[in-house]
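Participant: Dock chain D against chain P, hints included.
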Amino acid sequence: MDWLTLMIFSPLIGILLLSVQSAERKTVSLTGILATVLPLLLSLVIYTQFHGGGNLGVSHGWISFGNGMFQVNYELGIDGFSLLLILLTTIVSTLSASVAAAQIKQGLKAYFLWFLILEIGMLGVFTAENLILFFIFFEITLVPMFFLIGRWGFVEREKAAYSFLIYNGLGSAILLILFAAIFAKTGTTNIEELKAIMASGEAVSEEFRYGSMLALLVAFGVKLPIVPLHTWMVRVHVHAPIAVVMIHAGILLKIGAYGLINFGLGIFGDQFAKVAPFIAILGLINLLYGAFLAFVQNELKSVFAYSSVSHMGIVLLGVAAMNEAGIQGAIFQTLSHGLIAALLFLLVGIIHQRTHTTKLSSLGGLAKGMPLAAGFLLAAGMASLGLPGMSGFVSEFMAFLGLFETMPWMAAIGTLGIIMTAVYMLRAVLGVTYGKTIKSFTGMYDLTRIEMIPAAALLALIVLIGVYPAIITHTLQLTLESIMPGIGG
Amino acid sequence: MLENAWLIPLFPLLSFLLLLFFGKQWKEKSSYVGIGFTGVSFLLSVIVLFTQIANGSGGADMVWLTIGQLEFRFGVIVTPLNALMLVIVSLVSFLVHIYSKGYMHSDERLTTFYSYLGLFTFAMLALVISPNLLQLYIFWELVGVGSFLLIGFYFYKEEAKAAAKKAFVMTRIGDVGLLIGMILLFWQVGSLEFNEIFAGVSGGEVPEGLLTLIAILIFVGAVGKSGQFPLHTWLPDAMEGPTPVSALIHAATMVAAGVYLVAALFPVFEASPAAMTVVAVVGGFTAIFAATIGLVQTDIKRVLAYSTVSQLGYMMMALGAAGYVAGVFHLMTHAFFKALLFLAAGSVIHAVHTQNIEKMGGLWTKMRITGPVFLIGTLAISGVPLFSGFFSKDEILLATWYDGRYGLFIIGLVAAFFTAFYMFRLFFMVFTGENRSALSEVRESSRSMTIPMVVLAFLAAFAGYINTPRFGTFLGDWLAGDSEFLPFEHHEGPVWVMLAASLIAFAGIGLAYLIYYKKSLQRDFLSSHMPATYTLVFNKYFIDEFYQYTVEYAARAVGYLGSFIEKYIVEVIVAAVAGVTRAAGSLGSKLQSGQVQTYGAMAFIGLAILVFLVVWTGGYL
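Chain order of the listed sequences is P and D. Residue 54 is where the first sequence starts when you use our numbering, and the numbers rise one by one after that. Residue 9 is where the second sequence starts when you use our numbering, and the numbers rise one by one after that.
Isolated chain P, as found in the complex (with noise of 0.2 Å):
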């Protein structure tokens, strides 16, 4: 049974169901979250289909030209890493979806439906086994994302959207112009012929291959995004609608550093490594020039937005680190931060509900009216700054163990990283938690069990992770094995 497609399509249920629907809140709330539901279910079958061993790819014929020269397939599959993120997705998905049922105020019907045209972007891009494929589903996510921001985001939502759609537009088109020259030359598009291809390298130039790397690292690289490409995803995190930026810190931003660590790393490993210690720069300058910037500003949003910077730094330190404790420290960091952002933003969504600000200077004592939300709140602060215990360890251990092999000096001045990423989080999570309440707020209330469900699913899976790794590099073992004779370690 083709399972992976049946996932990547299953929202399509729920589209249509929505498409019928009279727009009744209750029942559009209701028919969008379960529309979550179903790939989520779905997922976790292929979850238990791959650890059973079973085959999960697919393969159709699909386009053909210049007399069968050139042959896309319709080809689909996934390795630990892939099958995670989509594990992320769904998850993330389906607790986004529920937010933004009790959030979003007007147009709840389109939005549901962007959303789940979004969903199956997400989902595409994690299983497409072909490059083309890839950029197609790449490219449905960016739309969905742009009246998602610019329709439903706060003041400055359109400014945000266009930012968003520009960046990405870049990188896309870079992506477009290097799949395409990528084709002409090997003649295919498919990711496992092109792995076979560069490894024997006979049939493309050196040049070519450093050029299709680099290409692929400022395509990649808007996504992270790495410093200085970052501003449209700050401009982001600020203005979107808190549902859409769960997802987009959760999900979207994972498809840069999956991206770098599939394609970049995984075609074009020599290469890759050739200029690791470029690469160890750019995630030297991302952890510091985030963490710095994130303790000077007066915006809970905008803090954890350079929180996300500065954090996916460590995903770069880890991949320039070119051995197992890096590349999966990076991918542990990029599954750690999808859960540990989203919680971030899932608090501050509901911080915002309630006092209506998130200006760093009007909020404060916040423990005292809503302790289960600043118990929450500080919690996922623990985590983002790395405690034991949570995921985020897990993951800044072992791409600074990498690091130190490689690159010491370069660890070395990352780990100011570390405690600059105690000293903004707890700035800003303190600031709002404890001390004096600033402004008192009229309905304040605590978390509701709905939103409960949430934060308490998503905080689960941190300190699962955290306490029992295992969970993780089981799934992950044979994808590492297949990464790293590409990078001759």
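Worth double-checking, as some hints may not be accurate.
[Said to hold, decoys possible] Computed cross-link-like contacts, DSS-like style, restricted to lysine-lysine with a CA-CA straight-line distance of at most 30 Å:
id, chain 1, residue 1, chain 2, residue 2
1, D, K165, P, K489
2, P, K489, D, K548
3, D, K367, D, K526
4, D, K526, P, K489
5, D, K548, P, K421
6, D, K575, D, K548
7, D, K548, D, K374
The hints are simulated quantities; they were obtained by calculation from the structure and are not laboratory data. The structure displayed is predicted, hence computed values, not measured ones.
Facilitator: Using the frame of chain P, we list chain D on its own:
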């Protein structure tokens, strides 16, 4: 039994989780949950201790994290040092749990308090049975969180918030040192298991320069946790937490974790003479430096806090001077008498509702239990003969003497004099003279508070006898006898060292007696004769201010510089790129002029380019 030692930290963890999830319904009954579970841990610890003594060391572990071929393990190990620490930690924690029932009884967040205590106790117990550095590091950070949560327990107070943040960040600076040292060590010996580290180090697998660097980095972690100079500033501020917390975390257990770390990795330090000197000198300097600040503070808890910093310095000095047993011995006696002093101070604060010793006095007659136990604690810490502190301090002085560190030996003596002086200053001001309190009626605390104090007073008085030159060095033989990596020499010290230490203690007590009891000497001698020195010491040498004006402002300046770059460089470049795009767009739209000739020309040029490309690339495009 030893392989099941993991049960010991499990019970406080259960207490934490139960109270976290169900505590709201239980209210005051929460304290019984906390006390009960910690009591079980204490009992198990005692059993483990006796099993270790009878059958020798043991443990168990399993794989926790795999990275390719690399494995990181999780488990328990029980050696003499671990067993001793288990008993100290679980006992003090148990007593503090009982004490808190009285001290915190009116607090509406009692449940939260007990759940945090459970979290801390869990992490601390798990820390001291870690068989490898990574696990130790994990719980090392978790005890930091327990400490952070409890310092910030009164979260609505700005001071508590600032103190909690400071404690977390300052110790994290140290933790990063430990993390780097740990990773560097891993790449040298290929494992983080203590046994393999020791084997690797003694087998000469680590180049000497690197070993010194690693040892010093690990020591940086200990400096942060144990409040050693220059990372000590968080510890006095941590007194914002409830007093039972100060007794448990910031006197007896967590702050001693740094000393424990150095002791647990003693073979690594010992292999590097340079690192040993660093440990000894930092410890010695902290011992005397903090003692001078303690001389002039007026807040009862802050005096005790600086005293803690100073005593931890003593322990470090001992370890640095190869006095492994001396350091661990003092860790134990200090845990008892300092916990006692804090609990007694808490009892006083509970009674008079102030922490300012200027507003106390004459409490001896009103608090018939607190007074005497405080006196016992004071005698013990001052090193008065026959009390526990006397024996352990004597060991430390002997260790420095035998290691040939005569400068540190002198420093140890002078710090001992200061200690005796400021502690008796405290005692006389709080318990003798007339009552300067605003309250007319002062009552002794409830039984749940006094019983733990009495137990600790007993230990503070007699715990020293397990390691005395006269009756036998049981502790020393046991601690060092088990491991091939630990040296142990009996210091059959010259009697004059013991005599000098006693005289010094009595001199300090005598001076405090003359000034604060007999009042035959001027109290404001220092402040009136050396105002500059007084100001300097009273303001803790302005180290907080120094950090604020250098590190903190520098970090903020970097942040603002970043914002500036973001706003005026990154954004401007982006705007420029957008501008170029827009210009190109408008150029393009100008071509759409409606003139057929222009279109024709464009089409021709385009075709030419295409043809050229096809020919040039050999038909690929």
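Participant: None of the hints should be skipped; say for each whether it holds.
Facilitator: Quick rundown of the hints versus the structure:
no.: 1; hint: D:K165 / P:K489; in the structure: holds (7 Å)
no.: 2; hint: P:K489 / D:K548; in the structure: holds (28 Å)
no.: 3; hint: D:K367 / D:K526; in the structure: holds (19 Å)
no.: 4; hint: D:K526 / P:K489; in the structure: violated (45 Å)
no.: 5; hint: D:K548 / P:K421; in the structure: violated (34 Å)
no.: 6; hint: D:K575 / D:K548; in the structure: violated (41 Å)
no.: 7; hint: D:K548 / D:K374; in the structure: violated (33 Å)
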